[in-house]
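Student: Residues per chain are reported as follows:
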Amino acid sequence: MPDNYDDPRGGLATPRPGQEHFVAEVDEGGLGAVDAVKSDSAPSSFWRDAWREMRGRWLFWVSAAIILLVVLVAAFPGWFTSLDPRLDCELTESLGGPEPGHPFGFDKQGCDIYTRTIYGARASVLVGIMSTTMVVLVGAVMGSIAGYYGKWFDTILSRVTDIFFAIPLVLAAIVIMSVTPNRTAFIVALVLALFGWPQIARITRGTVMSVKNNEFVTAARSLGMSRGRILRRHVLPNASAPIIVYATVALGQFIVAEASLSFLGIGLPPSVVSWGGDINQYQQAIRTAPEIILYPAGGLALTVLGFMMMGDVVRDALDPKARKR
Amino acid sequence: MLSYLGRRILQLIPVFLGATLLLYAMVFLRPGDPIAALGGERGLPEATQEAIRAEYNLDKPFIVQYLLFLRGVVTLDFGVDFRGREITEVIANAFPVTMQLALMALVIEAVFGIGFGLIAGLRKGKFFDGTVMVLSLTLIAVPTFVLGFIMQIVVGVNLGWLPVTVGNNPDFVSLLMPAIVLAGTSFAYVLRLTRTSVAENSTADYVRTARARGLGRYQVTTRHVLRNSLIPVVTFIGADLGALMSGSIITEGIFNIHGVGGTLYDAITRGESVTVVAMTTVLVVVYIAANLLVDLLYAALDPRIRYA
Amino acid sequence: MTTQFPVTNAGTGDDGLAPVDPSKPLLEIKDLEISFTTAVGTVNAVRGANITVYPGQSVAIVGESGSGKSTTAAAIIDLLPGTGKVTGGSIVFDGRELVGAPAAENEALRGREIGMVPQDPMSNLNPVWRIGTQVTEALKANGFKGSKAELNERIAAVLNEAGLPDAERRAKQYPHEFSGGMRQRALIGIGLASRPKLLIADEPTSALDVTVQRQILDHLGTMTQDLGTAVLFITHDLGLAAERAEHLVVMFKGRVVESGPAQQILADPQHPYTKRLVAAAPSLASRRIQVAHEGGQAPTELVHRAEGGQTGDVVVARNLTKVFDIRGSLFGGSTEFKAVDDVSFRLGRGKTLALVGESGSGKSTAANMVLGLLEPTSGAVEFDGVDIAGLSPQEAFRFRRRIQPVFQNPYGSLDPMFSIFRSIEEPLELHREGSRKQREKRVRELLDMVSLPASAMRRFPNELSGGQRQRIAIARALALNPEVVVLDEAVSALDVLVQAQILELLGKLQDELGLSYLFITHDLAVVRQIADDVVVMQTGKVVEQATTDEVFDNPQQQYTRDLLAAIPGAGLEGVELAG
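Chains as they are written, first to last, in the numbering used here: chain A, 1 to 325; chain B, 1001 to 1308; chain C, 2001 to 2579.
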């Protein structure tokens, strides 16, 4: 204690007004045992908490409804239309307006636009799901190995992702698709995945690195648990939230990318009904019938919006910062 | 600072080599023969094909081809394309307009993205925030080409405010609509990033402490909240320059702009492999340079990593 | 002790020190009610609080986390976080009512009349602005008008006063170039820059190393004394509060349960909660033990002494050294960093050995080597007479069950995805202990051992408090019947009462199970209560090594004496303690 500090306890026999010794009455409830376990609520796991958070938001229900609808349309287009998108075309109906049974009218070839829009969903959803699956599998495996084991693998992966990052996704896809002779949905998905995985690898690597510094991982190590088992049982489940969020958003981005390629004529071939291809086809009539482009474009935008909104909701629900600790 | 710059450039060399090798391999190690496909249905005479192969070193082993190509990159001499034009000249003609377009888009996304993002972030959870968030998602969900057509029809044809296409004489006014379209998706991302960053920084301890020392709301918002939120946003915007330039393939197609995108798309459809590789290489260089610039900006914005 | 700089009143005359009537309260809080709106409804954070502060006086609000002490302080400067709102009562400062006053008026008050020193110096300075710039802000916002030269002079004076020598150079530096203690000095300087009448110090040193804490508090005391500034301390440490303030306000769950002269509260607490707090505060408890010990009595409460019976050393660390390579840049070389330097100690069977040191002392690195998680660069760890470096993989696996850790952070030590049952069962499952049924029985047993109901096993970590999680972590560590438990700052992050409870539990378990503890801590006060032997470490080296009594009675090294002096309440000579 410095000498010039007045002894705060000396000499003040009578406290000043407002500072008399005050003792509150003991609460009726008592003080309670120190640190008692609450027993009134049901147990709640991380996922159950996230679900409770999500189901309270209207955005979740809207996006879930959109996704469900789009997936149903993609899987069972026959439930929504009885016509065939390629065969039931009458050139006499070319660019005809809406009429009963044909709510969106006809395109230049006289095909029913409503039917084509319905059938176009499949290509988008298929490519989106396939490339997302591939990206998540490859990216998560690469990222978690690099993040968890580190060393030379991490160095190599970092350099490789740097290289892939230097080539923008759409540019790379355009170059590679333009020289690919046999363009199926699977090939398109593969090409998109080839340039999409480094992103998720990087995210996974970062999350895994931060999770592995947790004390529960050290505790597992001091139990003698093997590294592989720690990775599977403790690290990956805790690193899954950002991967799920990114996958939802990436699905939307892949659908846009596929549509862009098809729009440029180097995605899916014209024999496959796709929104991107139809937009490309309909734009030729943009001066005479500008509104028909809105149908495939609307389907595309609605689908992507559904996944993007879901990504937002899921991120809010899984964000550790927004949750109670 | 200089040693930091030098180190970063050295680190970027392998990235450049890897990326160009990857591109080169994608174009030339593909199934099928690019030269045989040149002459259309009937194909070119065998002798002509051989001559072309020799001219473009395609008769040599792949790695030699690549090294010769690298020499071309370093000496800024990409040779001539299949139509006999100097590729360097083709690139030089195409780049200025695309650069202008991309920079305009960059300014648009930065100004509006940061502006709206700041307001949304400060009013997190309020009506404005919710509306802006859903609208920004919608903007991300609508592909560039759809946005382009809608703009052409509404702003160009129906309202007649801006020219519908650009053509041979690009100027600021005619490039405005393409720039807005090109900026669309990135604008939404900048907005969302700014909003998250602002919302997070608003509750930071140092912001509260700044208010406790008597600073007014405006000063706290600009000097502390916004200033610190800009760090990740600037990183994104800088790195976006490369993406905007390659994204111009679609925008330039819609608005009939004779820039990098248009030329590249033309070269792709004609099978001008040499031109494709040369142009994409330049795009990769722009991308890497933009990232280097971001690194330097980052160091300027965040003193913690200066000279790191 | 730090060098004291003369406190200058340099500046432009506007030093905010208008004469105040010392007999009239400077701050009078009456029946203050504060509530927060949350998803589940309204939470009353502060209920009917009364606090009075006179000019130039030091008052402390004492309470645990969630007691409403920081919320009360935030309300004074109108900076309640989130949805917080004053819903009743009044705050009168210097004759003016602050509740319901226009925001601009309260803003004008901040900095100029009421300063603040925040809790965590690491996060309270904006990393992108120079220290000098942040001082300038404080000066300009509070009416400083002067030339550039005058401003620079004033900035230097502010930093100098706060105990930062070479102020002109310091002003040009960024926060990341400062140590924690230096940052806190800068924040104190900023808080007092405009000569406020009241300074709110919210746990101003709890994030700093113990020896630095004392220096900073001393400096703060001197400075406010010289300036005549009243100080409102917010703290969880009753010993610190009593030492630094003349008037104490004890808060619990949003209510003021007891207030009055510090001496009186310490000597004769009336409210049951205050009684508990006085009994449990480690700084006071360790003092009480020391007083009893010096009086030749056996300490009666909280102190734990292992019962004899067993002999021999279970863990022997011989000349442990650990060198880390700090990777330089891509082309730069790497530098070596000696985290642990030739450290030797012995942990007796059934005993508690404390490794004491501040951050960077290498105590946790040493503990990780004992746990076999980190390989020593040189030296050896012997467990039960066997060098653990020479174990085969099977032997190493069997060794694991004999020594288990409990870590500091109750939020990081349990996997949030695992239910409590799975967390405690995991070691049993991994080591193939019994059938699933038997394992469940064992989990119940373990929960009972740490005084938690069996119903807790269906819950998840995020539903439990810090203390409860720490008890789960102890249960998990004990699942395999280990002989040694390494407690790495295991009670440091807990509230006072919970800390006392866990310490008591650890003592009980040691008696029942014959455990040996390696207790890693920075807090000598806690050591007094639990350890038999002490190893004091500083920058990787052992400074002093002796029994706990010897260390407290007769410390040999200056560093040990500094650590002892840093225990709050060490200055409470002659104060009669209740209990």
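No wet-lab data here; the hints were simulated from the structure. Values in this document were obtained by computation on a predicted structure and should not be read as measured data. It is possible that some hints are incorrect.
In silico PhoX-like pairs for lysine-lysine, Cα to Cα no more than 20 Å straight-line [said to hold, decoys possible]: (1) Lys-1126/B <-> Lys-2085/C; (2) Lys-2253/C <-> Lys-2085/C; (3) Lys-2253/C <-> Lys-2275/C; (4) Lys-2140/C <-> Lys-2172/C; (5) Lys-2508/C <-> Lys-2541/C; (6) Lys-1124/B <-> Lys-2148/C.
Counterexamples of contact, computed for chain B against chain A with all Cβ distances above 10 Å [as the list claims (entries may be wrong)]: (7) Ile-1009; (8) Gly-1018; (9) Ala-1047; (10) Leu-1076; (11) Val-1111; (12) Val-1155; (13) Asp-1205; (14) Ile-1268; (15) Thr-1269.
Ideal Cβ positions, reconstructed from N, Cα and C, are used throughout, including at glycine.
Student: Was Asp-1205/B rightly flagged as not at the interface, with every chain A Cβ beyond 10 Å?
Tutor: 14 Å, holds
Student: Check the non-interface label on Val-1155/B: least C-beta distance to chain A beyond 10 Å or not.
Tutor: At about 13 Å from chain A, Val-1155/B clears the 10 Å cut-off, so the statement holds.
Student: Check whether the Cα positions of Lys-2253/C and Lys-2275/C lie no farther apart than 20 Å.
Tutor: Roughly 16 Å separates the two Cα atoms, so the pair holds.
Student: So is Ile-1009/B really clear of chain A, every C-beta pair being over 10 Å apart?
Tutor: 14 Å, holds
Student: Are Lys-2140/C and Lys-2172/C close enough, with their CA atoms no more than 20 Å apart?
Tutor: With a Cα-Cα distance of about 18 Å, the restraint between Lys-2140/C and Lys-2172/C holds, given a limit of 20 Å.
Student: With d taken as the least Cβ-Cβ distance between Thr-1269/B and chain A, does d exceed 10 Å?
Tutor: Per Cβ check, Thr-1269/B is inside 10 Å of chain A; nearest 7 Å; violated.
Student: Grab the minimum beta-carbon distance between Ala-1047/B and chain A and tell me whether it stays above 10 Å.
Tutor: 25 Å, holds
Student: Taken at face value, is the distance from the CA of Lys-2148/C to the CA of Lys-1124/B at most 20 Å?
Tutor: 39 Å, violated
Student: Closest CB-CB distance from Gly-1018/B to chain A, is it above 10 Å?
Tutor: About 4 Å separates Gly-1018/B from the closest Cβ of chain A, which leaves it inside 10 Å; violated.
Student: Is the Cα-Cα distance between Lys-2253/C and Lys-2085/C 20 Å or less?
Tutor: 17 Å, holds
Student: Beyond 10 Å from every Cβ of chain A: is that where the Cβ of Val-1111/B lies?
Tutor: 23 Å, holds
Student: Take a quick look at Leu-1076/B and tell me if its Cβ sits farther than 10 Å from every Cβ on chain A, holds or violated.
Tutor: 20 Å, holds
Hint compliance for this structure: hints 5, 6, 8, 14, 15 are broken, all remaining hints hold.
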